[in-house]
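S.K.: Sequence:
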Amino acid sequence: MQSNQPRKAVAAQKTPQQVNPFVRLSPLLAILLLSLLAAAVFCFSVLALTPDCWRQPIEPRVLELAGPSHVGPLQRVVHQQELDGAGQLTLYSTDSAILLDSVSVWPQAEHTGMAAPFYIGPAPVDSNYDGFTDQLISTDVMGRIWLTRITSAGFGTTEWLADLSHPDWRFIGSAGVFDVSLPLPLRPDNVSGRHRLLLLIARNIISGEDALVALRLPHFLNESAPEPVRFGTLLDRTLLTAAEHEHGLSHEQWLAIVDSAGWWARLAGQVTQPPKVVAGVIYSAVATQNFSATECAGQNAEHSLVAMNLHSAGLVYNQRRFRLLNALGQLTLQQQADGSASLVLDDQQQQQPVLTDLKMISPACADCTEPLQLDQFPRWLKLATYRQETGAH
Numbered sequence: 001m002q003s004n005q006p007r008k009a010v011a012a013q014k015t016p017q018q019v020n021p022f023v024r025l026s027p028l029l030a031i032l033l034l035s036l037l038a039a040a041v042f043c044f045s046v047l048a049l050t051p052d053c054w055r056q057p058i059e060p061r062v063l064e065l066a067g068p069s070h071v072g073p074l075q076r077v078v079h080q081q082e083l084d085g086a087g088q089l090t091l092y093s094t095d096s097a098i099l100l101d102s103v104s105v106w107p108q109a110e111h112t113g114m115a116a117p118f119y120i121g122p123a124p125v126d127s128n129y130d131g132f133t134d135q136l137i138s139t140d141v142m143g144r145i146w147l148t149r150i151t152s153a154g155f156g157t158t159e160w161l162a163d164l165s166h167p168d169w170r171f172i173g174s175a176g177v178f179d180v181s182l183p184l185p186l187r188p189d190n191v192s193g194r195h196r197l198l199l200l201i202a203r204n205i206i207s208g209e210d211a212l213v214a215l216r217l218p219h220f221l222n223e224s225a226p227e228p229v230r231f232g233t234l235l236d237r238t239l240l241t242a243a244e245h246e247h248g249l250s251h252e253q254w255l256a257i258v259d260s261a262g263w264w265a266r267l268a269g270q271v272t273q274p275p276k277v278v279a280g281v282i283y284s285a286v287a288t289q290n291f292s293a294t295e296c297a298g299q300n301a302e303h304s305l306v307a308m309n310l311h312s313a314g315l316v317y318n319q320r321r322f323r324l325l326n327a328l329g330q331l332t333l334q335q336q337a338d339g340s341a342s343l344v345l346d347d348q349q350q351q352q353p354v355l356t357d358l359k360m361i362s363p364a365c366a367d368c369t370e371p372l373q374l375d376q377f378p379r380w381l382k383l384a385t386y387r388q389e390t391g392a393h
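Just so we're aligned: the sequence shown equals residues 1 to 393 in the numbering used here.
Since the hints were derived computationally from the structure, they do not count as laboratory data. Cβ atoms here follow ideal geometry from the backbone N, Cα and C, with glycine treated the same way. Hints may be right or wrong, so weigh each one.
Here are the computed distance ranges between Cβ atoms for each label pair [claimed, not checked]:
(1) Gln334 <-> Gly156: 37 to 45 Å
(2) Gln334 <-> Ser104: 39 to 47 Å
(3) Glu252 <-> Asp347: 42 to 50 Å
(4) Thr94 <-> Cys53: 28 to 36 Å
(5) Thr238 <-> Gln108: 26 to 34 Å
(6) Ser69 <-> Leu100: 15 to 23 Å
(7) Arg266 <-> Cys365: 20 to 28 Å
(8) Asp52 <-> Asp236: 23 to 31 Å
(9) Gly193 <-> Cys53: 50 to 58 Å
Work the whole structure out from these sequences, hints included.
M.R.: So, in structure tokens, the structure goes:
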């Protein structure tokens, strides 16, 4: 018995360096577990507060990626899924169910953590214009936006581009990423001639009203992103002044818009189909009735067609809104006998004329336009200064 007493005394006098490392790390482990629990609760609360109809299924996306030189291009399938309520990216071969890679931890302010659920599918980007996707833009329902590099072997680094979080808005849709080239006469000295715009749809959790959000992405997305963009830095283009209605954009307004991080505009209704961008003009079918924060409008509700300049959210026609009886069908371009373009709603059984004699943006001035002649394609596409457009063909 006596021989054990010195050993007990020695054990009681262990230095801090001799203490079990798990005991020393227990506060950090507790903080980590609490952070993960808080993120899980946060994701659950986001889902609980958004109606099911706000969310459209995100289908797996097949991407063409550059493969090894001796193999050539390879196809991969990208899924945006959820893991315990948190958003994640996964990558598979087209002919196998074996997981190649995944991203479930995302850069955030001074740490990494979980994303909120994704209501918007990943937007592919070809950063060097070689014909292959090499980057993905991911936007969670709270408005946090990331850029992830991708190869046929898996995902690369992920950068945090923007935090558009706002207590009143959730990000539920996208019209895609658009390449923009500013004509030289319209280009301020400190603004790059070419950039990309990400066009998103945000929904107000109180009224159910939608807004369009245009975010200017870093130049070519091939350099380290600057400080993440915040919602408050976007220009509010919801209301146009009487002077802009009468005289168009002033030079000072134009400089402020193109030098900003982007713009946003409330739509006084709900978007019921993805907006189309044609020759630099955004067209959105917006339900003006039968919508709320808990119920979504259908295409058979009374609608307006909203038309905005993609650069500035400014006027293209003499008004932003045109009345529609409904939005049944898909917005489609139609060539008229003289080569000009019209916009119709085509539901396969009948066509509802929407706008005739469509216009396109012109490089002559900040809000100049000219007639859109589809028989001059691709000239009109080049004049509109966009490399890729939804519904351009």
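S.K.: Given the hint of 23 to 31 Å, check if aspartate 52 and aspartate 236 actually sit that far apart at their C-beta atoms.
M.R.: Check passed, 30 Å falls within 23 to 31 Å.
S.K.: Confirm or reject the claim that glutamine 334 and glycine 156 have a C-beta distance inside 37 to 45 Å.
M.R.: Since glutamine 334 and glycine 156 have Cβ atoms about 43 Å apart, the given range 37 to 45 Å holds.
S.K.: Starting from the range 20 to 28 Å, see whether the pair arginine 266 and cysteine 365 falls in it by beta-carbon distance.
M.R.: Given range 20 to 28 Å: holds, Cβ gap about 26 Å.
S.K.: For the hint 15 to 23 Å, verify it against the beta carbon of serine 69 and that of leucine 100.
M.R.: 20 Å, holds
S.K.: Measuring from beta carbon to beta carbon, are threonine 238 and glutamine 108 in 26 to 34 Å?
M.R.: 29 Å, holds
S.K.: Cβ-Cβ distance between threonine 94 and cysteine 53: within 28 to 36 Å?
M.R.: 31 Å, holds
S.K.: In this structure, is the beta-carbon distance linking glutamate 252 and aspartate 347 contained in 42 to 50 Å?
M.R.: 44 Å, holds
S.K.: Given a hinted range of 50 to 58 Å, is it respected by the beta-carbon distance of glycine 193 and cysteine 53?
M.R.: Check failed, 41 Å falls outside 50 to 58 Å.
S.K.: Look at the Cβ atoms of glutamine 334 and serine 104 and judge whether their distance stays inside 39 to 47 Å.
M.R.: Holds, at about 45 Å.
Consistency note: the structure conflicts with earlier hint 9 alone.
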